[in-house]
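Enquirer: Sequence:
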Amino acid sequence: MEESDAESFRYSDEVPILQRSEESFLEKPAKSAGVAFDELVDRLIAPRMTKADNNFSDVFLCLYRKFAAPGELFSAILTRLDRVRDDKSAHYLSKTATQLRIIEVVAKWVSLYPGDFARPGTRRNLEEFIKHLSTEPIFSIAAQQIRRHLEHSVVEDDDTGWAKSDELADEEGSKVLSKDKTLSAPDVSNGMISLHLDDDKPPDERPSGSSDLSHADRTSSVGTHVSFHSYDEYEREAANMEPTDVLPMNKFRYHIFMDISDDDIADEMTRIDWVMFSSIRIRDFVRHVSLSLDQRSKCKSLKNVNRMINHFNHVAKWVANLILLRDKAKHRAQMLEKFMNIAQKLRRLNNYNGLAAILAGINGTAVHRLSQTWALVPPESQKSFAKLGILMGTQKSHFAYRLAWENSPLPRIPYIPLHRRDLVSAEEGSKTFVGPDGDRVNWKKFEVLGEVLLPLMKSQGTAYPNLSKHEAARELILDCRMPTDEEEIYQRSVQVESTAGGGADISKKKFPWFAK
1 MEESDAESFR
11 YSDEVPILQR
21 SEESFLEKPA
31 KSAGVAFDEL
41 VDRLIAPRMT
51 KADNNFSDVF
61 LCLYRKFAAP
71 GELFSAILTR
81 LDRVRDDKSA
91 HYLSKTATQL
101 RIIEVVAKWV
111 SLYPGDFARP
121 GTRRNLEEFI
131 KHLSTEPIFS
141 IAAQQIRRHL
151 EHSVVEDDDT
161 GWAKSDELAD
171 EEGSKVLSKD
181 KTLSAPDVSN
191 GMISLHLDDD
201 KPPDERPSGS
211 SDLSHADRTS
221 SVGTHVSFHS
231 YDEYEREAAN
241 MEPTDVLPMN
251 KFRYHIFMDI
261 SDDDIADEMT
271 RIDWVMFSSI
281 RIRDFVRHVS
291 LSLDQRSKCK
301 SLKNVNRMIN
311 HFNHVAKWVA
321 NLILLRDKAK
331 HRAQMLEKFM
341 NIAQKLRRLN
351 NYNGLAAILA
361 GINGTAVHRL
371 SQTWALVPPE
381 SQKSFAKLGI
391 LMGTQKSHFA
401 YRLAWENSPL
411 PRIPYIPLHR
421 RDLVSAEEGS
431 KTFVGPDGDR
441 VNWKKFEVLG
451 EVLLPLMKSQ
461 GTAYPNLSKH
471 EAARELILDC
481 RMPTDEEEIY
491 QRSVQVESTA
501 GGGADISKKK
511 FPWFAK
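When the letters of the sequence shown are read in order and numbered with full-length UniProt numbering, they come out as residues 1 to 516.
Simulated from the structure, these hints should not be mistaken for laboratory data.
Just so you know, even glycine gets a beta-carbon here, dropped at the ideal spot from N, CA and C.
Heads up, a few of these hints could be off.
Stated by the list, open to error - 20 Å max Cα-Cα, derived SDA-like pairs, lysine to any residue:
| hint | residue 1 | residue 2 |
| --- | --- | --- |
| 1 | 66 | 450 |
| 2 | 95 | 105 |
| 3 | 95 | 84 |
| 4 | 131 | 79 |
| 5 | 444 | 289 |
| 6 | 445 | 428 |
Claimed, not checked - Simulated DEER-style distance windows between Cβ atoms:
| hint | residue 1 | residue 2 | range |
| --- | --- | --- | --- |
| 7 | 248 | 365 | 20 to 28 Å |
| 8 | 251 | 488 | 18 to 26 Å |
| 9 | 491 | 383 | 26 to 34 Å |
| 10 | 156 | 263 | 38 to 46 Å |
| 11 | 400 | 245 | 34 to 42 Å |
| 12 | 248 | 433 | 51 to 59 Å |
| 13 | 91 | 43 | 17 to 25 Å |
| 14 | 435 | 236 | 38 to 46 Å |
| 15 | 240 | 46 | 43 to 51 Å |
| 16 | 38 | 94 | 17 to 25 Å |
| 17 | 46 | 382 | 50 to 58 Å |
| 18 | 239 | 120 | 26 to 34 Å |
| 19 | 399 | 240 | 31 to 39 Å |
| 20 | 433 | 258 | 56 to 64 Å |
Working from the sequences, and respecting the hints, build out all of it.
Expert: And the structure:
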């Protein structure tokens, strides 16, 4: 509570200022820090009246395992279902609507995070829950949908790094519905309230604002003949996009690259970035910043995050190597200008990750110092490229990029390194538990995490519709043999334009004290 809020509460306007005493401070009890777990569960199953309510549901289901085990949450939800069923004062229509709303929360949870129900005890509880739902006609459709996810999606639970996990055997505190208790539903028409779940969506519509969908309904058209429907399919495709060094980077490759249109290269870079981005489960972004290096190596799904980070670095070095490939400045200038044009295409595709990778390659020391090369690039191209540098610049905490990102239409690909840094700040900036006994959830921390994660969830929900696979561009991006050591790349830069000759390092001319 803000200090100003406290002051406005302590004194009524009717009390003269001089008559106010210290006793007035006792009129309002101190506000408890954090939020109790039960309060969070109540909000999870409450009616969703605003966009903030929907956002809360997405963030809670994504991150609750930092402070609660799946069995504990499931038990709390079942307790509230029982409470609704046993409420004799509620109207039967109101009771049915409330039960359906709570069941929908469970259905969404199972569809988004099926691994939470992989442990034997939690899975048994869910199976028992489904069995009881099936006995009531009004809940039968929901039961079928939950069962489908349970049978096809619940395989294993990679709970590395989660503070809370269920026991491998029977987890304590989980609640199994007793056989003599069923969810009673009034005999009303199924048409009154329908339960809309992801399985009912058209095949071309992916769920927006959700994260860990191991589902069969996440559709993405990548290329003219290839589409991916799940994280697993994206992951398998992304595994084939790791760099190899089978093709020599030589004059022949230079001409092949120059002959490929800028649009085709930008499309293929975006296709690769999209597949890699879509293979990452949203929870893994959080675990990647909260786990130690040793824990990270044990978490299998984090390889998808590592792959995209490594690809970013690969593209930056690939750009520098291609620019430095030829000995003549005019050839280097042609390649440099081509990458400037490709960067413009990536900006129009809202592929900020690919754009930042090209900027990293061009603005690196090895390329930035090539004064002879830069002098041969048309001023118009340099001016347009400079605007991209401002867009992705670090000024005011990447203000220009953040503004562009928030206002970019879907589809779009985020600048992963920056969003990862935001998650690090949110994760390390505050504790998970607060309060005198350390048992209350610091939900403000999770709201900050949610501000970073929700746009990523939304972005994964809409794929690029018309990206075709360009095999020649793909080979050049991923399969070229090239130096990867920064010092080796810099030495090649010095070789083609030495600082002693006419191509003196312009930065050292302007700022000679850097050489001291």
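Enquirer: Now look at each hint and say whether the structure bears it out.
Expert: These are the hints, each one checked on the structure:
The hinted pair formed by residue 66 and residue 450 meets the criterion: a straight-line CA distance of about 14 Å does not exceed 20 Å. For the hint linking residue 95 to residue 105, the alpha-carbon distance of about 16 Å falls within 20 Å, and the restraint holds. With a C-alpha separation of about 6 Å, the suggested pair residue 95 and residue 84 falls inside the 20 Å cut-off, and the hint holds. For the suggested pair residue 131 and residue 79, the alpha carbons sit about 17 Å apart, so the restraint of at most 20 Å is met.
Restraint check for residue 444 and residue 289: satisfied, since their Cα atoms lie roughly 18 Å apart, inside the 20 Å limit. The suggested pairing of residue 445 with residue 428 holds, with an alpha-carbon distance near 10 Å, which does not exceed 20 Å. Residue 248 and residue 365 have their C-beta atoms about 25 Å apart, which keeps the hinted 20 to 28 Å range intact. At roughly 19 Å, the beta carbons of residue 251 and residue 488 sit within the given window of 18 to 26 Å.
Taken as a hint, the range 26 to 34 Å holds for the pair residue 491 and residue 383, whose Cβ atoms sit roughly 31 Å apart. At about 42 Å, the CB distance of residue 156 to residue 263 agrees with the hint of 38 to 46 Å. Judged by the Cβ atoms, the range 34 to 42 Å given for residue 400 and residue 245 holds: they are separated by roughly 36 Å. Evaluation of the 51 to 59 Å hint for residue 248 and residue 433 yields a pass: the beta carbon distance comes to about 56 Å.
Here the CB-CB span from residue 91 to residue 43 is close to 23 Å, well matched to the stated 17 to 25 Å. For the hinted restraint 38 to 46 Å between residue 435 and residue 236, the CB-CB distance of approximately 45 Å keeps it satisfied. For the hinted restraint 43 to 51 Å between residue 240 and residue 46, the CB-CB distance of approximately 44 Å keeps it satisfied. Checked against the given bound of 17 to 25 Å, the beta carbons of residue 38 and residue 94, roughly 22 Å apart, stay inside it.
Between residue 46 and residue 382 the beta carbon distance is about 56 Å. The supplied range of 50 to 58 Å therefore holds. At roughly 30 Å, the beta-carbon separation of residue 239 and residue 120 lies within the given 26 to 34 Å, and the hint holds. Between residue 399 and residue 240 the CB atoms are about 37 Å apart, so this pair conforms to the stated range of 31 to 39 Å. The beta-carbon spacing between residue 433 and residue 258, approximately 58 Å, falls within the hinted interval of 56 to 64 Å.
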